[in-house]
Amino acid sequence: MDDFFFSLLLAGVSVGAVYALIALGLNLTFWTTKTLNFGQGSLMMLCAMLTVWLSSQGIGVALAVLGSLAVVAALGMFIERWTVRPALKASGGSMGWVVSTLGFGIFLQGMAAKYFGSQAMAFPDVVFSAQDYVTLFGQYVSLQYLVVLAVAVALILALELFVRKTVWGRAVHAVSLDPELALVQGIPVRRLVLGSFMLSSILAGVAGVLIAQIGGTVDPAFGFDLVLLGFVAAVLGGMGSSFGALAGGLVVGILSKLVGGYVSTAAEHGIAFALLMLALAVRPQGLFGRPEVSKA
Amino acid sequence: MLELRGVTVRYGAVRALEDLSLRAEPGGITAILGANGAGKSSLMRAVSGIAPVVGGSVLLDGQDITGLPAPARAKLGIAHAMEGRRLFRQLTVEDNLKLAWSFGARRVALPASLAEIYDRFPILKEKARTPAGLLSGGQQQMVILSCTTIRSPRCLLLDEPSLGLAPIIVQQIYGFITDYAARSGITVVIAEQMATLALKVSRHCLVLRRGRVVLQGPSAELLQGSDGKALAASYL
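Chains as they are written, first to last, in UniProt numbering: chain L, 1 to 296; chain B, 1 to 236.
Be careful, since some hints might not be right.
[To be verified] Taking CB as the label site, the calculated pair distances span:
#1 Glu83(B) to Leu278(L): 41 to 49 Å
#2 Gly169(L) to Glu116(B): 24 to 32 Å
#3 Ala112(B) to Gln57(L): 54 to 62 Å
If you are wondering where the hints come from, they were derived from the structure by calculation, not from laboratory data. Virtual Cβ for every residue (Gly too), placed ideally from N, Cα, C.
If we strip away everything but chain L, and leave its shape as in the complex, we get:
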């Protein structure tokens, strides 16, 4: 295995892990409401920007990250209450949430550009600096890459355990299948939906901080492409499946880095969407998705 291939593979795995986190965040709101928060990208950006700003005000980096996560969590609840809930209430089967969540994301992006400026800002070292590395198979591997991968895998395992093993996980699944029946059975549907948007936003924030850490800079436009790639990962893996999110994220990450390295960096994102179209044509339920079972 030559060094070039290995380094591409590694970069692919690590950005793939971030795509997986974004996909996981999209999955969370899909579980409870069958909606996706297309403002996710702006939440990622905002979390990273706020971290930069807070730490520039003399606050410790760890505290700055926690503070920014709290802000995006609150925004997540705001998004559910004021952009998704009204859109779902409007005449049955409305897709208004696509526009309203996307719109709110664009609004956040505009606000960030106004108050933080549209220049890229250098992102502080959160856990390790870009110079820290370990040797693996005779290769230098940046510790940042490993941290990103570990965080993604840990969160995915935790969520999968939550959904499969706990009563609340089962309740979340029930809400997605039939919210009215869930209500009548005493499941606090409102709180679960609100909670899913909050957690989804926190995941977006974590993904934002991690990818800013890898890239080294953030700017207001950052996040928009990322959420699209996260969406591709989610669909490829099977919308709603946590392991699917991880697999989809890694496939998209590795493939786009390989194409970027051997063909052209301009084709990096293109290949992801080619993959999306292929997946929808050949296996619409995704790698880990299950087709719906039902009998009249």
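Put chain B on the given structure of chain L with help from the hints.
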């Protein structure tokens, strides 16, 4: 005891229930009869908290629950088996039961609750790991009924439990319901289109037409008495 006082339910401009009052006593079955669209389901939805009640009040054992959201009412002990055989189709039979138990009163431990149900409906034990949506209509109805009783409710609302089932299955289902009502002594309200069947098992009966009560009284009287004609008329 369940009590409705002048309840009005409106969907947009359509009135589903109009100034409706009723008392359903515990320890016996109250039947709600009426044709399609008479307001039977709306009545039940008003009690469980998923219909837009614009006037009147709903009381459970004297406590006004009109302002409470559906999950809070479920917690107080209202169990509603909705029309159209509603269950979580993608979840297994056992997951449906476990979920219902988890958010119910939990008066009996889960293993004992499940054992009791499997004892009553052995077929459900066989199908415990099958997605509920793949069961036959009768088996699904058994799951739905079990999901309500496993919650140890104080008030049971059953919306057309006989709908679309073979007569022999209907008999079995109704056997279970009357048995459960007698054993538990709770308030049971059944909405039914099959009038004779409902009158036979119930103690008290109300006939709805266009969201109003047009006839009510002890079921035995309605079944044989001079009201037979009035009963038939309310369906026309």
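Results of checking the hints against the structure:
1. Glu83(B) to Leu278(L): 41 to 49 Å: holds (43 Å)
2. Gly169(L) to Glu116(B): 24 to 32 Å: For Glu116(B) against Gly169(L), whose Cβ atoms are near 26 Å apart, the range 24 to 32 Å holds.
3. Ala112(B) to Gln57(L): 54 to 62 Å: 59 Å Cβ-Cβ, so the 54 to 62 Å window holds.
Checked against the numbered hints above, the structure breaks none of them.
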